[in-house]
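J.: Chains A and B supply the protein sequences, listed in that same order. Read left to right, the first sequence gives residues 1 to 548 (my numbering). Read left to right, the second sequence gives residues 1 to 548 (my numbering).
Please note that the accuracy of each hint is not assured.
Said to hold, decoys possible - Non-contacting residues of chain B with respect to chain A, defined by C-beta distances greater than 12 Å in every case (computed):
# : residue
1 : F175
2 : R270
3 : E420
To be verified - Taking lysine-lysine and the BS3-like style, the derived pairs with C-alpha atoms no more than 27 Å apart in a straight line are:
#  : chain 1 : residue 1 : chain 2 : residue 2
4  : A       : K108      : B       : K533
5  : A       : K314      : A       : K284
6  : B       : K314      : B       : K284
7  : A       : K261      : A       : K284
8  : A       : K524      : B       : K504
9  : B       : K105      : A       : K533
10 : A       : K314      : A       : K261
11 : B       : K108      : A       : K533
12 : A       : K261      : A       : K248
13 : A       : K381      : A       : K177
14 : B       : K261      : B       : K314
15 : B       : K533      : A       : K111
16 : B       : K248      : B       : K314
17 : A       : K6        : A       : K284
18 : A       : K524      : A       : K504
19 : A       : K6        : A       : K372
20 : A       : K314      : A       : K248
21 : A       : K504      : B       : K533
22 : B       : K284      : B       : K261
23 : B       : K105      : B       : K261
24 : A       : K105      : B       : K533
25 : B       : K111      : A       : K533
26 : B       : K248      : B       : K284
27 : B       : K6        : B       : K177
Hints listed in this document are in silico derivations from the structure and should not be mistaken for laboratory results. Note that the coordinates shown come from a computational prediction; the quantities given were computed from them, not determined experimentally. Each residue gets a CB set at the ideal place from its N, CA and C atoms; glycine is no exception.
2 protein chains.
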Amino acid sequence: MNPKLKIIPLGGAGEIGKNMTLVEYADAIVVIDAGLMFPENDMLGVDIVIPDIAYLLERRDNVRGIVITHGHEDHIGALPYILPRLNVPIYATPLTRGLIEVKLKSHKLLKDTTIHTIQTRDTIQLDPFTIETFHVSHSVPDGIGLAITTPLGTVVHSGDFKFDPSPVDGQLTDFAKLAELGGRGVLALMSDSTNSDSPGHTPSEEIVADSFARVFATAEGRIIIATFASNISRIQQVIDAAIRFNRKVIPIGRSMQDNVKMAIGLGYLRAPEGILIRADQMHKHEPRELVVVCTGGQGEPTSALTRMANHDHKQVTLTSGDTVILSATPIPGNEEMINKTLNNLFRAGALVYYHDLMDVHVSGHASREEQKLMLNLVRPKFFVPLHGEYRHLALHARLAHSLGLARENVFVVENGAVVEFDAEGNARVAHDSVPASDVLVDGLGIGDIGATVLRERHHLSEDGFLVALVTLDAHTGEIVFGPEIITHGFVYTQTSEDLIAGAKDAIVHAITGHHDTGLSAKLKEVLSQYLYKQTHRRPMIIPVVTEV
Amino acid sequence: MNPKLKIIPLGGAGEIGKNMTLVEYADAIVVIDAGLMFPENDMLGVDIVIPDIAYLLERRDNVRGIVITHGHEDHIGALPYILPRLNVPIYATPLTRGLIEVKLKSHKLLKDTTIHTIQTRDTIQLDPFTIETFHVSHSVPDGIGLAITTPLGTVVHSGDFKFDPSPVDGQLTDFAKLAELGGRGVLALMSDSTNSDSPGHTPSEEIVADSFARVFATAEGRIIIATFASNISRIQQVIDAAIRFNRKVIPIGRSMQDNVKMAIGLGYLRAPEGILIRADQMHKHEPRELVVVCTGGQGEPTSALTRMANHDHKQVTLTSGDTVILSATPIPGNEEMINKTLNNLFRAGALVYYHDLMDVHVSGHASREEQKLMLNLVRPKFFVPLHGEYRHLALHARLAHSLGLARENVFVVENGAVVEFDAEGNARVAHDSVPASDVLVDGLGIGDIGATVLRERHHLSEDGFLVALVTLDAHTGEIVFGPEIITHGFVYTQTSEDLIAGAKDAIVHAITGHHDTGLSAKLKEVLSQYLYKQTHRRPMIIPVVTEV
Numbered sequence: 001m002n003p004k005l006k007i008i009p010l011g012g013a014g015e016i017g018k019n020m021t022l023v024e025y026a027d028a029i030v031v032i033d034a035g036l037m038f039p040e041n042d043m044l045g046v047d048i049v050i051p052d053i054a055y056l057l058e059r060r061d062n063v064r065g066i067v068i069t070h071g072h073e074d075h076i077g078a079l080p081y082i083l084p085r086l087n088v089p090i091y092a093t094p095l096t097r098g099l100i101e102v103k104l105k106s107h108k109l110l111k112d113t114t115i116h117t118i119q120t121r122d123t124i125q126l127d128p129f130t131i132e133t134f135h136v137s138h139s140v141p142d143g144i145g146l147a148i149t150t151p152l153g154t155v156v157h158s159g160d161f162k163f164d165p166s167p168v169d170g171q172l173t174d175f176a177k178l179a180e181l182g183g184r185g186v187l188a189l190m191s192d193s194t195n196s197d198s199p200g201h202t203p204s205e206e207i208v209a210d211s212f213a214r215v216f217a218t219a220e221g222r223i224i225i226a227t228f229a230s231n232i233s234r235i236q237q238v239i240d241a242a243i244r245f246n247r248k249v250i251p252i253g254r255s256m257q258d259n260v261k262m263a264i265g266l267g268y269l270r271a272p273e274g275i276l277i278r279a280d281q282m283h284k285h286e287p288r289e290l291v292v293v294c295t296g297g298q299g300e301p302t303s304a305l306t307r308m309a310n311h312d313h314k315q316v317t318l319t320s321g322d323t324v325i326l327s328a329t330p331i332p333g334n335e336e337m338i339n340k341t342l343n344n345l346f347r348a349g350a351l352v353y354y355h356d357l358m359d360v361h362v363s364g365h366a367s368r369e370e371q372k373l374m375l376n377l378v379r380p381k382f383f384v385p386l387h388g389e390y391r392h393l394a395l396h397a398r399l400a401h402s403l404g405l406a407r408e409n410v411f412v413v414e415n416g417a418v419v420e421f422d423a424e425g426n427a428r429v430a431h432d433s434v435p436a437s438d439v440l441v442d443g444l445g446i447g448d449i450g451a452t453v454l455r456e457r458h459h460l461s462e463d464g465f466l467v468a469l470v471t472l473d474a475h476t477g478e479i480v481f482g483p484e485i486i487t488h489g490f491v492y493t494q495t496s497e498d499l500i501a502g503a504k505d506a507i508v509h510a511i512t513g514h515h516d517t518g519l520s521a522k523l524k525e526v527l528s529q530y531l532y533k534q535t536h537r538r539p540m541i542i543p544v545v546t547e548v
Numbered sequence: 001m002n003p004k005l006k007i008i009p010l011g012g013a014g015e016i017g018k019n020m021t022l023v024e025y026a027d028a029i030v031v032i033d034a035g036l037m038f039p040e041n042d043m044l045g046v047d048i049v050i051p052d053i054a055y056l057l058e059r060r061d062n063v064r065g066i067v068i069t070h071g072h073e074d075h076i077g078a079l080p081y082i083l084p085r086l087n088v089p090i091y092a093t094p095l096t097r098g099l100i101e102v103k104l105k106s107h108k109l110l111k112d113t114t115i116h117t118i119q120t121r122d123t124i125q126l127d128p129f130t131i132e133t134f135h136v137s138h139s140v141p142d143g144i145g146l147a148i149t150t151p152l153g154t155v156v157h158s159g160d161f162k163f164d165p166s167p168v169d170g171q172l173t174d175f176a177k178l179a180e181l182g183g184r185g186v187l188a189l190m191s192d193s194t195n196s197d198s199p200g201h202t203p204s205e206e207i208v209a210d211s212f213a214r215v216f217a218t219a220e221g222r223i224i225i226a227t228f229a230s231n232i233s234r235i236q237q238v239i240d241a242a243i244r245f246n247r248k249v250i251p252i253g254r255s256m257q258d259n260v261k262m263a264i265g266l267g268y269l270r271a272p273e274g275i276l277i278r279a280d281q282m283h284k285h286e287p288r289e290l291v292v293v294c295t296g297g298q299g300e301p302t303s304a305l306t307r308m309a310n311h312d313h314k315q316v317t318l319t320s321g322d323t324v325i326l327s328a329t330p331i332p333g334n335e336e337m338i339n340k341t342l343n344n345l346f347r348a349g350a351l352v353y354y355h356d357l358m359d360v361h362v363s364g365h366a367s368r369e370e371q372k373l374m375l376n377l378v379r380p381k382f383f384v385p386l387h388g389e390y391r392h393l394a395l396h397a398r399l400a401h402s403l404g405l406a407r408e409n410v411f412v413v414e415n416g417a418v419v420e421f422d423a424e425g426n427a428r429v430a431h432d433s434v435p436a437s438d439v440l441v442d443g444l445g446i447g448d449i450g451a452t453v454l455r456e457r458h459h460l461s462e463d464g465f466l467v468a469l470v471t472l473d474a475h476t477g478e479i480v481f482g483p484e485i486i487t488h489g490f491v492y493t494q495t496s497e498d499l500i501a502g503a504k505d506a507i508v509h510a511i512t513g514h515h516d517t518g519l520s521a522k523l524k525e526v527l528s529q530y531l532y533k534q535t536h537r538r539p540m541i542i543p544v545v546t547e548v
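Given the sequences, and given the hints that come with them, work out the whole structure.
T.: If you want it as structure tokens, here you go:
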């Protein structure tokens, strides 16, 4: 049987093929991206979510390398967790490499990692794959898409893209290359579905520059702008506005400072001599001569902006003359945190601009008309929408149908699904899928906690727990210690004396006259009934019966 | 000293003056609204949040009554929790009364409650207050605003309003009355701030009818529309579209059915004979002759739509021919739940329309230009923006400044603040505020849990707990039982045997050679250090040392 070409999306936290995608043929696998996701609200206590690489670990000798499309967390953030278990070469454009190096350095993994620098319009040979790169515009410079020529045809991966007609760095998405690929013939397109519920075109980054200019023109005091530390384009826009309006720029926070330094060093950030100053130099200038750029656009609890909003930042104390710009759109699930930060910024007296009020942020992803353009340029035989939740993929698929792609040539799949292409030019979803669970990172544990522990945490978060301790005489069965009750997260114990006393009575009553085994189960049942009746709550109940 | 007139906003869960506002003069208090809020994501295990009525309970003889502006949950939902402790008369318009009665009936409180029906353009005398009502358009019919004339002047409360030029029920916000009040002279305006970060005008409900028509015109199978059960106007639009496109309407779910029946009975819902059918009659019709209306627009876990999406609804099984309309905008904090429901609807093969894709919902609240109109019509001396988070109030205040209202005449306050007006025509925020904490309802408990229990639940939700049991000989100090470890929500115990064994060793080691008191504290410290070093997690640690 001839080998098949396989496309396998991986990832986590509800998004499909966003953080990692595999292209496999015979004994060769090329990995596209290795990113992380932030946990969903019901993944209690989890720090981050990374893709499941079990399939790769079983085939580690087949993995030719990891090609990174751009330097955002959801495309590079899993590298520190994956590389120690799968040390393969990384391929990345210069700025993306810079962002990866900043990250690997902080995890002390830099010297053990092989990174190859690639350029746009480059060709890499990872046998049997020939990978051509092409530039795509996104909210970080130096992003690429990939055309992977395999023995069974060429598959194109869009990366995270939009067709911004006036991007900050002047680099357009590579129409010409996409058209050329389309002309050459493309077997399958994997394309960014993030905004497939946004009609029209995504506004250009230019609109953000206009908004910044309006704010800078009228702000009487200091300006503070929050964005992702990896959003180099946005940071450039801050610097450009600062030059125009005669302000100094102060990058605040470790990740922001590291990225700014690296991007200037590589020539991806243009900052004239003297425009950047350190926080300890702020006092030498009037507030109206300053603009602070920092993290916190998602209301992250430990970010610089959130600490400023809570009067808990060492270097920046907010005053009523300050103007704050939140240059971000909420990632679903972060809205409440962001709103709390906004409220506290207003409480501190700052004038605050955010996305509802003004175009201080634009998406980095193609809207529906741009998704159509990508499909129309590449003209693939098969289409595998990726990057998005299931609904985005489904909507992207419908869009492709509306352009004439046959329903059976479009594959809306879940993570771990294997889309197979054979030598006869047919494609289908394979019967068996590969492991693709959310790998949860919690403290030092990678993948050690799963559904069981999350269910326990959920239970505890709702109603707490109650431990009932009692020690019996092994011979007489009489109570020699207890019953004692330990409870947390259930009721406010200082005002619940009667309830606790009642629970103890229920225990004593249950023990009296109980002669067979299974006393623990009985105590659990009795306590559960008693407590539910009294409170309509269901704490986790743990009876501990010991005998001496 | 002459009595002062006081305005006191109350409420919960981050919104100010949304669920309840007090107007007090001398020994008389009139209460405006008694609503509930859904808990914020960090209020773990909490069912609902209601206003703190401690201030009212201390002055129960002064409370003249509760005037309800409209029948939404956030304005009537706290009544079942408040009335048993503060049984005062309620004043409501006919539909609002109907919605209250449905609610009180299910809580078995109807017969003990006095409700007075009022009309728009009505005048109620609650000495020393003369209360005039005026119609406001909102997303439920029969909403009113209030003009309360007091010995010190007239204060106007906008209710939840917008200036919809083509509302579903044809009833416009009462420009004439507002202008008349403005001409007469208004001491203070309290106005809805919900959308003060939305520029322009809120689109008319008419736009939703247009969207419904587009969907109805092309849908080949069954249509399912999710909205709040109290959104009588939206239900009317569903019925209107069904008439036009020859479909039968099936209200699904208890609250939806109760409200539809009540609203038809009162004449607020126009449904021709035979248009409404029961779920058990669906099989007699083709799918293209049916439209289901149900709850679930916020992705609520127990709602009809969520159960349909999860293949867990008795009467409606989704198929690939179904079209679903989510006629709602996410309440902040609900986005993830809604997105999960959307994803599952798409997985079931349904064609789904939601707010990002099409105008299938419009806000019920005034945007900035309408807020200006309210201020310009009423022309108050003082302005107290209410209904919204702090940021909304602050933005509404800036809007008022931009219209010429002096900064010192606008009061942006927190819940519990007392805005005082004196006989000399001055106003200020009183030094002392009144109790206004979030009253949390959890099961049968109303207000019994607070910061301590929530902190414990948060701790448990992040890292679980670990109980360490050990029994010592009271004379020798030697271990006679244990150490035993009970842990949940911390690690997956089946794969953590080494960790648990290490914890036991640490306990034994700590006990050996320990001769003074404070063994529990020492065990807590030792375990905490050991577990953090091994896992970088911090479970709640509870040592239980007993002696026999």
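J.: Decide, hint by hint, whether the structure agrees.
T.: To see whether the hints hold, each was checked on the structure:
Taking the minimum C-beta to C-beta distance to chain A, about 27 Å, the non-interface status of F175(B) holds against the 12 Å cut. The Cβ of R270(B) lies farther than 12 Å from every Cβ of chain A, with a closest approach of about 33 Å, so its non-interface assignment holds. Once the 12 Å rule is applied to beta carbons, E420(B) is consistent with being away from chain A; the minimum gap is 22 Å. As the CA atoms of K108(A) and K533(B) are separated by approximately 19 Å, the hinted pair is consistent with the 27 Å bound.
With a C-alpha separation of about 17 Å, the suggested pair K314(A) and K284(A) falls inside the 27 Å cut-off, and the hint holds. Our distance criterion of 27 Å between C-alpha atoms is met by K314(B) and K284(B), whose separation comes to about 17 Å. Between K261(A) and K284(A) the CA atoms are separated by roughly 22 Å; this keeps the pair inside 27 Å, and the hint holds. At roughly 26 Å between alpha-carbon atoms, K524(A) and K504(B) fall within 27 Å of each other, so this suggested pair holds.
For the suggested pair K105(B) and K533(A), the alpha carbons sit about 23 Å apart, so the restraint of at most 27 Å is met. In summary, the hint linking K314(A) to K261(A) is supported, as the alpha carbons are separated by about 22 Å, within the 27 Å threshold. For a cut-off of 27 Å, the pair hint linking K108(B) to K533(A) stands: about 19 Å separates their Cα positions. With a C-alpha separation of about 16 Å, the suggested pair K261(A) and K248(A) falls inside the 27 Å cut-off, and the hint holds.
In summary, the hint linking K381(A) to K177(A) is supported, as the alpha carbons are separated by about 18 Å, within the 27 Å threshold. Proposed proximity of K261(B) and K314(B) is supported: the alpha carbons are some 22 Å apart, at most 27 Å. Pair hint K533(B) plus K111(A) holds up; C-alpha atoms about 26 Å apart against a cutoff of 27 Å. A distance of roughly 19 Å separates the Cα atoms of K248(B) and K314(B); the hinted pair therefore holds under the 27 Å criterion.
For the given pair, K6(A) sits about 60 Å from K284(A) by alpha-carbon distance, which is inconsistent with the 27 Å threshold. With a CA separation close to 12 Å, the supplied pair K524(A) and K504(A) stays within the 27 Å bound. Only pairs whose Cα atoms come within 27 Å are accepted, and K6(A) paired with K372(A) is accepted, the gap being roughly 25 Å. Our distance criterion of 27 Å between C-alpha atoms is met by K314(A) and K248(A), whose separation comes to about 19 Å.
Pair hint K504(A) plus K533(B) does not hold up; C-alpha atoms about 37 Å apart against a cutoff of 27 Å. For the proposed pair K284(B) and K261(B), the alpha carbon gap of about 22 Å is at most 27 Å, so the pair holds. Proposed proximity of K105(B) and K261(B) is supported: the alpha carbons are some 14 Å apart, at most 27 Å. For the hint pairing K105(A) with K533(B), the CA-to-CA distance comes to about 22 Å; that is within 27 Å, so the pair holds.
A C-alpha spacing of about 26 Å is found between K111(B) and K533(A), which places the hinted pair at or below 27 Å, so the restraint holds. Restraint check: the Cα-Cα separation between K248(B) and K284(B) comes to about 11 Å, which is no more than 27 Å; the hinted pair holds. Of the supplied pair hints, the one linking K6(B) and K177(B) holds, its CA atoms being roughly 24 Å apart against a limit of 27 Å.
Hint compliance for this structure: hints 17 and 21 are not met, and every other hint is.
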